[in-house]
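K.L.:
Go by the hints and put chain B onto chain A.
Residue numbers (the UniProt record's numbering), protein chains in the order written: chain A, 1 to 124; chain B, 1 to 124.
The set of hints was computed from the structure by calculation and includes no laboratory data. One or more of the hints may lead you astray.
Where chains are identical, the list cannot tell them apart; a pair therefore holds if satisfied intra-copy or between any two copies.
Said to hold, decoys possible - Calculated cross-link-like contacts (lysine to aspartate or glutamate; reagent style EDC-like; alpha-carbon spacing at most 20 Å):
#, residue 1, residue 2
1, Lys28, Asp107
2, Lys3, Glu60
3, Lys2, Asp108
4, Lys3, Asp63
5, Lys2, Glu44
Listed below, chain by chain, are the residues.
Number of protein chains: 2
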Amino acid sequence: MKKHGIILFGHGARDPRWKEPFERLAAKLRAARGDQPVALAFLELMSPDLPTAVASQVAEGCDSVTVVPVFFGQGGHVRKDLPEIVEKCQAAHPGTVISCATAVGEDDAVLEAVAEYCLREMGR
Amino acid sequence: MKKHGIILFGHGARDPRWKEPFERLAAKLRAARGDQPVALAFLELMSPDLPTAVASQVAEGCDSVTVVPVFFGQGGHVRKDLPEIVEKCQAAHPGTVISCATAVGEDDAVLEAVAEYCLREMGR
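Extracted from the complex, chain A is given alone in its bound form:
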């Protein structure tokens, strides 16, 4: 069976509580994806970093890995830092196809859910 890993890529922060939503998101994806690998990775301040997470999924036998930037906007971290890291990961693991999704905050259904949350918080 082909293995297709997903890595949720976040910025990272000093406060360990910052990553709670990322862990909840990973748990939702694990529940939905059966035994397909799901991992977190961070740009800075938290571990693992992306090369470590990619190497781990390659070691698990992933034929392909999709990196999803869990960012709202696409600034320098997503447009510049991330492609550079992914390029190095791809060079290090030529037998695995490593691809990047668009940042989650660009998705309209995600923005709809955020808007609904705002309206609930305001009592509409």
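P.N.:
Below, chain B without anything else, positioned relative to chain A:
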């Protein structure tokens, strides 16, 4: 009629394209809220900052203003920086009730939408 403003509070970034999802989110909320004020504000690198956005909504006649942190996790920016800024805004505008929501990434429906996006990107 009472005016209840909402301010979408983001981190800010150097790349102006970073804020596109925030502008789309604000447009969704304006469509849903009729003539109730909706504004963006940023912690750094982009303008306006939060005190400027709050002062503007107070000048528009808002009795209350809700600040919604458009962040995934609640780290130092949301737990420490934001309350300090809001406290100063509240002191500057005692006639308006200024409150803060929990970061949008803590909301389960938002995380569900992000998970659905990830699954779509993976071909499930």
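K.L.:
Which hints, by number, does the structure contradict?
P.N.:
3 and 5
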